Structures are given as C-alpha cells and as structure tokens.
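*Asks:* What follows is each chain in one-letter form.
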Amino acid sequence: MSTTAPAEADTGDLILALDAGGTMTDAILVKPDGTFTVGKSISRKEDQQKSYRDSVADAAQSIGLSSEDVHKRLAADVYCGTGMLNTILTGDGRKVGLLVTRGFEDLTVMEGGLSYLGQSQAESLHQQLHKHTRPLVEPKNVLGVSERIGGGCYLGEIHLPAGHVLIPLNEEQVKVGTKKLLDEGCEVIGILFLYSFVDPRHEHQAKAIAEKIIEDKGLEIPVVCSADVAPVAKENSRLKSLLFQCFAAEQVRASLLNVEKAARELGFDGRLLTLLSYGGAVNMDYTRLYETMISGPVGGLIGAQFLGNVLDLDNIVTADMGGTSFDVGLIIDKRIGIAKSADIAGHRLALPMVELDSAGQGAGSVVWVDEYKRLHVGPESAGAAVGICLNYDRLTVTDINVALGYVDPDYFLGGQVKLNKEIALKALKETVADPLGLDVYEAGAGLLQIINTEMNDLLRTMIASKGYDTHDFTMLYYGGAGPVHMYGFAEGIEFKDVITIPWAAGFSAFGAACAEYMHRYDRGTRALIPNQSSDEHLAKIAKDIHTTWREMEHEASTQMKAEGIDPDTLTFRYGVSARYMGQIESFNTALENGVMDGPNDIQTMIAAFETMYSKVYPEGAKFGSAGYSLTDIHLEAIADKPQPKLLRHDLSSSEANASAFVEKRDVYHKDGWISFDVWEMGELKAGNTVKGPSIIRDPMTTVVIPPNKEMYIDEYLILHYS
Amino acid sequence: MATIEKEVLNQPNLKAITAPTLAEAVEKRDRLTESTGNYYGVKELSLKKADPIRYERFYSKLHSAVLAARESARYVAASPGSREMGECLWGVTTAEGDTLALSLGFLSHTAIFPTAVRYMAANNYDVNDGIEDGDVYGVSDGLTGGVPHPGDFYSFVPIVIEGEVVAWAVGINHLMENGAPVAGSWATFSVDTFMDGLVVPPMRTGRKLQQESWWKAIWERRTRAATMNILDDKMRLAGCAMIHEATHKLIDEFGIDYYKTAIREVIEESRRRVLDNMKSTMVPGTYTGAAFRMAQYKGLQTIWSHADKNTLIHIRASVEPNENGLKIDTEGTSRWGHHAYNATPGASDAAVFLGMINSFSHNTKVTAGIELAVQRHYPKGSILNPDNEFTSNANPWAQTVTLNNIGFGAVSRAMFSFGYLEEAFCVDGNWGAWQGQGTAEDGTAYGFTNFEWLGGSSRGAWCFKDGEPLVWAAWSQMATIGDAEEFESTVPPMFYLGRKLLPGYFGAGKYRGGPGESAVHWCVEPGQHIGITRPNGGLSSTTSVALGMNGAYPGPSSFMISARGTNLDEVNAKGLAPRDAREMLEMTDSGLLKVDDLKVWKTDCPELSMEHNDLFVDAAGSSGGWGDPLDRDPMAVIEDLDSGTCPDYDFVNEMHGVVASKNTLGNWVLDTAATEVKRIALRQGRLDESVDVKDWWTKEREIVQNAAFFPEVGLMYNESLSFDKFRDEFTSFWNLPHEFNVLEG
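Protein sequences appear in the order of chains A and B.
Just so you know, the first sequence maps onto residues 1 to 722 in our numbering.
Just so you know, the second sequence maps onto residues 1 to 745 in our numbering.
What follows is a list of derived Cβ distance ranges for each label pair:
(1) A217(B) with D640(A): 48 to 58 Å
(2) T287(A) with V669(B): 40 to 50 Å
(3) K496(A) with E162(B): 24 to 34 Å
Read the hints as simulated data drawn from the structure, not as lab findings.
Computed from a prediction, not measured in an experiment: that's the story for all the values here.
Glycine included, every Cβ here is placed at the ideal spot set by N, Cα and C.
In isolation and in its complexed conformation, chain A is listed as follows (with noise of 0.2 Å):
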C-alpha cells in the first residue's frame, strides 16, 4: 500500500509531521504523490534534536532516502511535542512576577477553589484528596496595584457602562511593584487587572510603564499583559493562561528552535511549525505560543478534518486509541468543535482547545480485579514496556489480545519485537480468571467487552452530552490499538459509517502534516441585544463587531506577515460568542462570512446561535424572550500551506489477491474460538472486501473484523467496516 511505495526522485516537495509524545515519535512523510511513509524513534525528552533525527531517518529510510535529502525537498515542516507540559508538570519554567489589581493578590494561592482538577468522580468525592496545584509563582513575587475598571452587569446597561473607569491606575505602586520584582530576580512580569478583557487600557498603561522601568536598567525582560494572552472573561483562568505563557512559552519556544536547527543543519530552508490546542499550525515566532499546549491530539483531530474534507464527511467522531489513553474528539459541519476552557495538568485555562474527552484506558493500561473482585483498567500504563508479554510487571489490555489470539506475538513491530504469548496467558489466569472463577479465555473476552463497553459509552456520552445523534456520524478509529478494538468500541451504535486508516499508528502526525496555518483572535465584550432592540441600536452592535473584525484582520495580517507570510493570500473565519441574556456560558456561533453592515447582519447572526443552540439542547431550554448577549467576537486567519494529498486508486476486483493471504489463526473472540483468516495490509488493494473473521496484519496495527462483519477498501484505501 502507499506506505511501502518508493518515491521519485525530484518530484517535487515533500511534507514531514512529527508527533513526539510521551514514547514514541512518530514521523509522517508526505510525497507529492500524496502518499507517505511512517518513521518511528523513542522520544528522548532531554533531547528532542536526536528523537527528530532519528525519526525522519526511519521514515526517509524506508523509501531509500537520506534525511539530507529529504529536508532539501521539504516545503514544510510540522512538529507536535511535549515541552510545554512537561514545563509546566516538573515546575522548570522561568522566575515569574505578577502585577495584579489590589485586593486579589492571593489569586494564584487560592485558584478559586479548584483543588479537584483532573480527578474521576470517586476521587473527587472523597475530598481528603483535593488539594491545590504548584504555583508557577512565588506568592511574595504577586503584587496589588491599585485601579479598577467595571465589566457591566447582566441586566444591560441600567449601571456604569462596561469600561468604566472606577478607580485611576496607579502609577507610582506600578513602578513600585515593578523595581520589587527586579530585585526579586523575576524573569518575567506578567499584568492581570479585572476586566482587561473588556478595556485593557490599565493593563497596557502599567505594561509601558514596567517596560520603560526595565529598560532604564538595561535589562530585557518581558512584561505580558492578561488582555494580550487571552482576552477572555473569568480572571481566574485568564491568570492561567497568563501564567502559562509566562512560566513555559520562551522556554519552550527554545527548545522547538533547536529542533528547527536540526532540520536546518539537515538541509531544511523554511520554518518549523507546530500545533495550536484549537487545531492551527504556526511557527516559533508565534507570540502565544502556551497555547501549543496538546499539540500531539490535535494533530489527529486535524487528520480527522482533513479526511471529512476527501471524504465529505460532515460530521465525524474521532476515537484514538493508544498506548495509555483513549481520546475522542468530534468534527462537527466538518469543523473542530472548541472548547471555551482547558484543564491542564491541574490548571484551567482560558484556553480555546479542541473538545477532547479522554480515559486513561490504552492498549498498555494494567488490567486488574480488587477485593471485592471487581474489574478495573488502568489508569497505570505500561507505556513503552507494552506488558507482561514483553517487558513490564503486570497484565495490561495487550497482553489480553495477546493471550487470545488477536495480535501475534511474532509480528508486533512487523516482528521486530517477539512477544511471549505465554506468560500472557499466565497472568490472565493469575490476576483475573482465578480471582473471579472463570476459565482464562471466558475471563479475557469478558475483559476486553468490559473495556469495548466503557470506551463504547465514552462515545455515545461524548456524542449525547453535547446533544447530536450517532447516525449523523462517521466514526473514524486510530491510535496503535484503536484498529484492534474498532469492532467492540463500535458494537451497538449505529453510525452513518465506520472507518480507519491503513497508517492509524500515524495518524496524530500525519494529522500535523494537515494542519493549515492559522491564527485565532478573541476579543471579549458585553454586548446586549434586548428583544424590541431599536434598529439604531443593533446597528450599533453591527457596527462594533465591523470595527473589531477589521482590527482583527489588521493584527493578523501584521503578525504573520511577520512570520513570512504573504497577507494577500489570508482568508477569514468569523464568529462570535453568544448567549441568552442572563446565561453565563457563551456558545461558540461560527458565522458564514464577515460581514456585518446593519440590524439584518444582527438577526441573521441571531438566528445562527439560535440553530446552533437547538442543535444541542431540548427545545424547553431555549430562550429568546430573554434576549441575547455577545460576549466575545473571533477571527480565524489562514495562510496557504502545503497540504498532503489522498491519492484515488484504481478499484480492484472485491477479491483479495492470494498473495495478500498469510494464514489462519484460532483466536477466542467473545465465547469460543473461531479461526480467523490473517491478511497482509500490504498486499490488499482498493476495491478489496475482507470479510470476517479475518485479521489484517501490519506493522504498526491490526484490524479485527469479527465473523459477519466485513472491510471495505476504498479508492483512498480508507477501511470501511461495516
């Protein structure tokens, strides 16, 4: 199949991705034909230059290039990495000082509260184990600076208006605070004052001040403002953000510039990229660079748009399952659904990321049965040791699929790792069949339909919660192990389809090899539309949110003009923030284009949030005699990149060719054994239906397909299950 193709010489450019997670980077490489080849390394945290290096010569290698080679020909570059949070998880980022509006310098100290952040719910009710995150910052390095700016109130302007000034900066306590923090040895000064969201002018007035005090002592230290990271409401998670950026970006930003000077001194001449949490790619000089945060999943999500786009697929779900976690993620009007708020590592920010739930249950989680002989998986993973069958101490999901015959022991890796079926077996027996008196295979298929329901009801919850139908999905199925257990996850949810990909190993950094250029800019506000609104006021609004989407196009056309782009060749996506007057959460209303001339611009606005809200709630929860509220008003700017290309095959005979026969296999699936047909995914061609019990075998996965069931191969070699 594509992977195994060679390429040509001189044919053009090439696209590499990497997706450097917490084992393995994986590398993607893109040839103009379209196809690409995966190369593998293990990640070396404490140098990212060797991990990169070896990657791309394992993947250049396979198609019998060198990475020279393949760095001359590469028009773009994309590397999804870790830096970020392992910054912020081990507490190694810079001396942070923070200017904050008097009265609130405990913020940091009491995070509002939020002392549970990433818990189950058992844990988080049993509160003997809430406790608070590291500070990023030193609470003696938090300084009050007087001033207060009003926000408005939710009954609309029958107060001070949003904006207003109650109480002057003041501007010695700033100086004061600042020259504090230099002797302090800060590295960095960060500024959160009530309300920048809505007028950042203290902010950006205490910021020039701080700078000119910085300056006078010929220092270079950077001073970032709350209104600049995430110009959001809630001055509990905008602190996050700004701490993020603050405690980790510059230093992260470091390192990725070393990876950029590997690919360089390997021949590259253009510009790293990485992944932004809301899905766009941008390159190092990016100035909110905290908010590359999970670039590794938002690579997949990105492949996941790319193959809605192919494929015209409206509406996909996303399923990635790997070696210590399932995340599932959706596509909705063949856009990535957004979130308004991150949990990170114990912190919330306001950080717009892609909606992602996630299970700590992967191929490599510990399966094991408690004193009152219950069964759990995970959240312990054996990562890169796989299990018992290999290299580690206890029972983990693979070494179930081992046991029963599913995965071969001799071909894991394409058999450059043997595992030892055996042992597998033992453990099984040990830890659960024992235990619960059951025989060692009934024990194993029943543990794997326990893990196939609950990553099951994890999609049907992710799916429900948000208020959508499943037959308005195509499910799509990657991560190593998410092949192996497509059949399960998928078992009694009806969906428009099924698929998975040849390359689901990949299929993160092949994801960030899709990813478009984009910035995305937020401004927040307080914008009321009563019901009976005058025209003069809707053309008010009209014209407020005119002014700040052409501010916005501004900013993005000087920034990435900055970073080498052409602005010329920028396009836009508009959208705002809005709700029923009186509701405190806003929804994300996508706009069809930026145009907003007057009162019918505002209705037609209305009526987007109004379709988009009953697209996820009943109707007894709408509410348009309220009135509705704008809160924030955003702009997506994308520049033209090279993207990868699906090539369309020639359809073959439904047959497979016999070369593409391995062997039969007995595999225990479910209640009893049942000999599988073993196929080679190599040798299978488009056109093909395997139909089950069958396996299809590759280096990087395996694809189940249980009796009565069967996989299509399309044109794009998309595996269709059906």
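Please build the complex by placing chain B on the supplied structure of chain A, with the hints as guidance.
*Replies:* Chain B alone, transformed into the frame defined by chain A:
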C-alpha cells in the same frame, strides 16, 4: 374494585389499573427491605453473579447518562453557582425515589429524593390525575419534598413504561433569588413558612418534557430574578430530558425485567460495600458532639411579637457504629421556633449525608445504599423534625451544617483512632453569603445572591500537617468559588475591592487550620435603592463544631462588617482601599479610613441600605487546628509571620510562645532560647490557672442549679431538657433531680 376500573376507563389521564400504584410500590419496597434487612429483599446479587460484565455494563450506561446530563445541561444556567460551582446535581432513581446514580455536584441531596416521591405516592398523584411519561414536577417544600430550603429547587421527570412509573430523572440547583420578603436565597427573619418565598409542594408544571406556559409567569411574578430562575429551570429540565431518553434506551436494550432486578441489586450491592467501609474504619463506641447557633430576633420582629426573641440553638448528636451501619441520634437538640432555621427530616438528611458519602461511598456506586446504612433519629418536635407543619425552613443550613460536622468529625476521629492518619483532619463547614434586592436609577428592579464563600472553604488541620486554604466544600465535591468577574456582573452597584485570604483567620494549633477568605464590596452609585442582608451561614459567633482537635483552637466564625458613610474617595486616591476584613478594621482604627457608621455583625444582619462609597466586608471559610499550639514548630510560626499568613507577632508570641525579632531586611528571626523559656512559662501559667475537677464541678453545678444563665442559655436548656435522653445525661452529670428544669429568664 369494579367501580374504580370504570372510573379509570372514563378518565384517560388515570393510570392503567394493571400496573402497581406508586403507593403499592413504596409499600412493597418497605416491606421487603424491613422484613429481610436487605434492600428490596435482595439476598443474592444474582445478575452480578451470573454475568458480572453485563451487570457492570448496565450500570456504566446508567451512570454515564447522569454524568452527561450535568456536563451538558449546566451550560444553560444563569447562576454562577450552577455553571461554575458544584451547586447543581442530577440523578436517576427507582420508582420509589431511591437513588441509582448521581452526577457530580452536591451529592447529599440524594437522601431527599424519596421524600417527594413518597408524598406523591401517599397522595395518589398517579391515580388522580395520573403521572405520564415525560411529565415535569417542581418541588421546593421542605415538609412534602424534603428540600433543605426553598432556595434549592428540584425538578422530577417520571419515566413511565406501560403505565408504570419505573424511574425518575431528578435535577436540582440553588436559586439566586426565591421571592421571600427578605430577598435572596435564604429568607432570614422568616417567622413561618408563609415568609419563605416560593414554596412549592410536588406539583406538575409541564408535560412531554416541556414546561407549561403558566410556569414562566410564576418565576416572573413570584421571584425577583426571573431571568436567572427561568434559565436555571430550563437547565434542570434539559438534564432530566437527557436522563429520561437515556433510561428509556437502556430499558429497551436490557429489557424491563433485567432493569427491575438490576436496580435492586445495584442498591443492595452498594449498601453492603458501605457497611464494609464503616466496619473497617470506625472504632466501636459513641461519638458525641454539640454545636450552637444564635438567632438574634429580639427587637427586630415587633410586628410578629411571638417571634420577637433571641434563641440559642443547640444541635446535639451522637454517632454510634452498629451491625447495620451507623446510628445518628440527635435527641437533645433544641425545639423548633418562630425563626428561619428550622429543618425538616429531609433537610437534616441533606446535612448528615455530606460527610457520610465522602467517607463511605466514594469507592462504590453512589446510590441509596448509603441511606440504608445510616439510621437517623430526629426527635419529633425538635428543630430537625418540627411538630408544626407551618414552621419556616428558610435557612436550616445555618444550623444543620453543624450536624454534618458532628458526623463527619466523628468519622475523622474514628479514622484517627484506627490509624488512618492521612484521612483524619479537623472538619468544619464555615460558609458565608450575601444577598438582597435593588432598584436601578431607571426603575429596573432586581434580586441577587453572591454565594462565593459557599463555594469553598479552607480545610482544618490534619494530624500531621497544616490545613490548606480554599480546598474543599463540606457540602459539595466540587469546591469552586467562581470568578469575581462573574459575580460582580450579577449585582449592578457593588464592586470588588478585594477577594483574598484573611491573615490570621484560622484555628491555631500544633498544626493550624487553613486560612479563611474575605472580600470587600464597594457600593458605587446605588440607583434608587440597594439593600443587602447576610444569612451568615458561618454559624454566628458561637462555637460551631470544629473545636480544634487534640488541644487546638477552633476555626473563628464567619462575620461581616458594614461601613457606611466613608471617605473612600480619599483612600482610593492614595491607592490604599481596604482589601479584607482585617485591613478594614486596622484602617478605621488608624483613622486612615473614616466611617460614620461601622458595625461588625456576628449574627444575621437585617437589611442594610447601602449608599455611594459604603462598604460591605465579609469573611468566612476558616477552619480549626490540631494539637497543642505550644508544640508548633517555631520555624513554622516564623514562616507564617514572614508570609503574612499570621502577621501579628504579639498574638503568636502568646499563642505559640515563640520569641522572634525582625532583622535589617525585615525578616523575622527566631530566638530559640527565649522561645524555650517563654513556652515553659506559658505551660506553668496553665498549671497555675487550673483547678481541681471536683472544685470546678462543684462551682459550675451551683450555676446550673441556680439557673444563673443568660436568658437565651436558660431557654436552650429548657428545650433540650424536654427530651428524655438529654435530661438523663444532664441531670445525671450534674447530680440534679430528674425533674430539674431551668427557669426561663
């Protein structure tokens, strides 16, 4: 019977006669449970045994339905409490109201679900005029619905299969305003239920998962925050609709017979697990506790003369492990009164189960199983179970939280005794909130509640380390105070000048409690009027229950300060506005802040009209310490001085016997030798002050015998002595005649 069948056939709304009525279902549930000791008579977990995987899958689906309901529906909300904090909950129950699964949120409401269902059963709601699939019922009445106070509102949606109610979807949240004479969520100064605001016994308000049109008018005409309340109502219904749909699908998939058997087994399974947990963590014995709360009405209730008196509320409870779980006996608790703090058994349950769920259900399915394992005794006539059906239940949390503290604290002591040191800490539930109403300059009227200090509090000291600030909420698993930027937008003329930890605001000990919080609210251009009250759930200035453990001090109570007529413009011009309660008092003492009318409120305040530049300052959320303060590591004291956590040197010098001085850099330096000397002196001082127990007892007995008490104390004793158990204990301890009574006044 023939006559009834005929009537049923002639009335389409009436349920099919073949299905059991709700009353029959409840009777069967009780008969089977009481006769066997097992829930619904389930002795064998047959489904779990036969096919544990299918059984777990069944429950997983049920549980995920309620989790999903909350995660989606809460975004419809208007109030920060529901959207940001843990002040909402969804659940699914059996036909009889027994909880099967719960979402995240304030889970102790689970114990209340059966009350409304049983009321509807007893009053034949399903017979006349019928309960249909997707109907919507609203409840906010304590007596008939068990609701802790009318500020909490419940929505019930029945799930009906072939004419039989098989489950209920339930949604709850805390309203921002509920239409009482005293505006806000807690109608302080209510005299009876008719002053409690919108009190609704179980009542059908909608059909087919939609509210009926008139229901919107109720919110608009009977509350002061209609928009918020309507959106919260829609939020509850949206979640219930999701659970309703998911439960129907579950029954379609598994079959009604499997469903009916499985739900009984799920509850019985969790009951057994809870029992195991109790047995493995509770040292046998009787754990007693007492708490007090002042209701200061004297002089404020001149219209309602029968309520014009002060009351010292006595909450008394004992916790005793037994073979069926735990018994909580509250005999000796004060009688009900003409004030806002009366509870009902439902409200009392809501408090008791806060700590019980945390301690015994966290590692199993959270179901009605926990309720079966806790036997409760709330004596009839007491403040926890009034024998008058018209008592006010506007603000029972203000005293029932102490009931939880006694229970939770008992478990903590038991865990300590057992050696589970990492589980044992000083339990408290010191909360605060403020509320009110206003009229803007343009005539727009509004109501509000700011319950940020209900969202989280500090945790008391552990037996091996200090407590932490703002880390938990005894009543909810989701401690969150929300954002100032959200709360400020709900009260037009009030602006934050501070929202922070309050220095020195914790119980001292070898390990100190976590510091509590304080906020300063500034009135700017109030329009025609703004009035503020504070329900002061912080349990007044009297001792709550976190007495401090093993020789430590309790957490100080919550309080508030009103400062009217200030020179705030001058202070603001200097950039020195007060940031918390401590700074506020220091600035007024120093004369920097001039105040015409300064009041420190340690009990509920009547409505305070605020003018431009007036200040309203509150403090809540402190907690108690653990161990003798003289055993505190002196360097920990120095760290508290340097960090400002406890900045008062004179205080720590006397409390901890630590002697220190400031160096040229302004940092505190310990004088080890002088500290040793000081501590020896303080210990000797204790010995010098101590008296023989016999002498102490004799002297105190004279006071008791002569009833030389404040009137409120005398009245309190009289009420408690009207219960036999307390009378026995009291007269026995003081060696008084059994018929002894304290004369009022």
